[in-house]
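There are 2 protein chains.
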Amino acid sequence: MISIQTIKRIKSLQQKKFREEEHCFVAETPKIVEEILNSSAYSVETVYGLKAWIDANWKRFARHTLEEVSPKELERISGLQTPNQVLAVVKKNDSLLDLGTIFSDMCLMLDDIRDPGNLGTILRIADWFGIKHVVCSNESVEYTNPKCIQASMGSFLRVSVYYGDLAQFLSDKKTDTPIYGTFMEGESIYQTELNPKACIVIGNEAHGISKPLEPLITKKIHIPSFSNEKNHAESLNASVATAILCSEFKRR
Amino acid sequence: MISIQTIKRIKSLQQKKFREEEHCFVAETPKIVEEILNSSAYSVETVYGLKAWIDANWKRFARHTLEEVSPKELERISGLQTPNQVLAVVKKNDSLLDLGTIFSDMCLMLDDIRDPGNLGTILRIADWFGIKHVVCSNESVEYTNPKCIQASMGSFLRVSVYYGDLAQFLSDKKTDTPIYGTFMEGESIYQTELNPKACIVIGNEAHGISKPLEPLITKKIHIPSFSNEKNHAESLNASVATAILCSEFKRR
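Residue numbers (our numbering), protein chains in the order written: chain A, 15 to 266; chain B, 15 to 266.
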């Protein structure tokens, strides 16, 4: 049995304010919790699992604090519509930004991505395409948002996420790494040279790349539409655009 | 002022059962409602708008039944966390499937896509890449699910969505259209021939392409990962994979 206080505390971690205060976040479902426990990237504070999950897993993760909860209790602490066997409270781990490392390989810069599902999906895409660093503007949603953790499907364990002032980072960089960004008037990605040692800036869901960043983009690109209709989708979702860009940069 | 009965009825359309009974669905936000009103694809039953929205729009859409609602009332009928000015009740419109037309150009077949956000995003991708037909298995989520309507950003107006037995459709087809599907053991999409007059089958989020469909796939393909880690994302999200496939088929 867990106390009402514990239930309240875990539920409070659905909110940014309390995640920041406690320096903790929650992750759910067997797949994601098991990946965290197997990884050395994050340390787990407590794992709350149903009896069946604990019976099957306690030997593998004996070093962690496991607490058995009833299905009713799991429902009360879970942020999911359909709670699934296990929830972990995980200690936050702020990655330290090293500009040299970041610009030595392909990286993504997210200029004010607000939707946690988009950020999680972008981390999963980065992981798939072997991109190790994702740099977010300070206004971007936190990667510890539960919806982001769930959408990333564990990829937040393998991709380092940093926060900061993107304009500052781009001004401070000492390499000649090209900075790509998508704009309506950009060159078609299918017809322009794409350097895989690049930094790709992904704009906000509604407003695209912000004005202060625009002059720091060294190459404006564009994913062309193949529709013949004059009325067609105005844009692609931010994570979908990221996927198409990563595929196009990496395949060459 | 709208009656409690009206409020209840509109809220009930958040559920599949009532959408089927009433043959109606809801769409929200100025962007999407205005696109519906401008389109001839669907007819609108009633538009519920805040005073400011109605004042700005009534002349353009005089033929429709407009009802003014207060912000409080909009909150009560809306399915969104942040209601946005206007909600429309729209009459459903079942597309009739014509196999000849579908297989004469590139089409997508969705084998049991369950997440409405994924389906909406896939419709937006299809719209962007000029794909006019999306055929869903009977077990797929309905495109009239409010989350799908919102995620599609109006693209459901330009892409015809059909439902039916995919195995039957593929067995009945009389053309030699190649049927592509993604499998772990498939050929890399970057290294194989891709015929743009194709049918691309997208599998379920968790289980991929179902067993009964597998023998009907004429070409197994795969989006390769570029990660050097032995542990990396196991898969891509269904809509992200669709985007990469469409980009690769269309760019050639």
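Check the hints yourself; a few may be wrong.
It does not matter which identical chain is used: a pair holds within one copy or between any two.
Below are the SDA-like pairs computed for lysine to any residue, each with C-alpha atoms no more than 20 Å apart in a straight line [stated by the list, open to error]:
hint, residue 1, residue 2
1, Lys25, Asp119
2, Lys225, Arg266
3, Lys30, Gly131
4, Lys45, Ala220
5, Lys86, Ile68
6, Lys146, Leu111
Keep in mind that the hints were calculated from the coordinates and are not lab data.
Cross-check of the supplied hints:
For the homomeric pair Lys25 and Asp119, neither the shortest alpha-carbon distance inside one copy (39 Å) nor that between copies (50 Å) is at most 20 Å. Taking the shortest alpha-carbon separations for Lys225 and Arg266, neither the intra-copy value of 30 Å nor the inter-copy value of 34 Å comes in at or below 20 Å. In the homo-oligomer, the alpha carbons of Lys30 and Gly131 lie at most 20 Å apart inside one protomer (15 Å), although the nearest pairing across protomers, at 24 Å, exceeds that limit. In this assembly of identical chains, Lys45 and Ala220 lie within 20 Å of each other by CA distance solely across copies; the values are 12 Å between and 32 Å within a copy.
When the C-alpha separation of Lys86 and Ile68 is checked against a cutoff of 20 Å, the pair qualifies only within one copy, where the shortest distance is 16 Å, while the shortest distance between copies is 46 Å. For the identical chains of this complex, Lys146 and Leu111 are intra-copy neighbours only, at 12 Å inside a copy versus 45 Å across copies, given an alpha-carbon limit of 20 Å.
Violated hints for the displayed structure, listed by number in ascending order: 1, 2.
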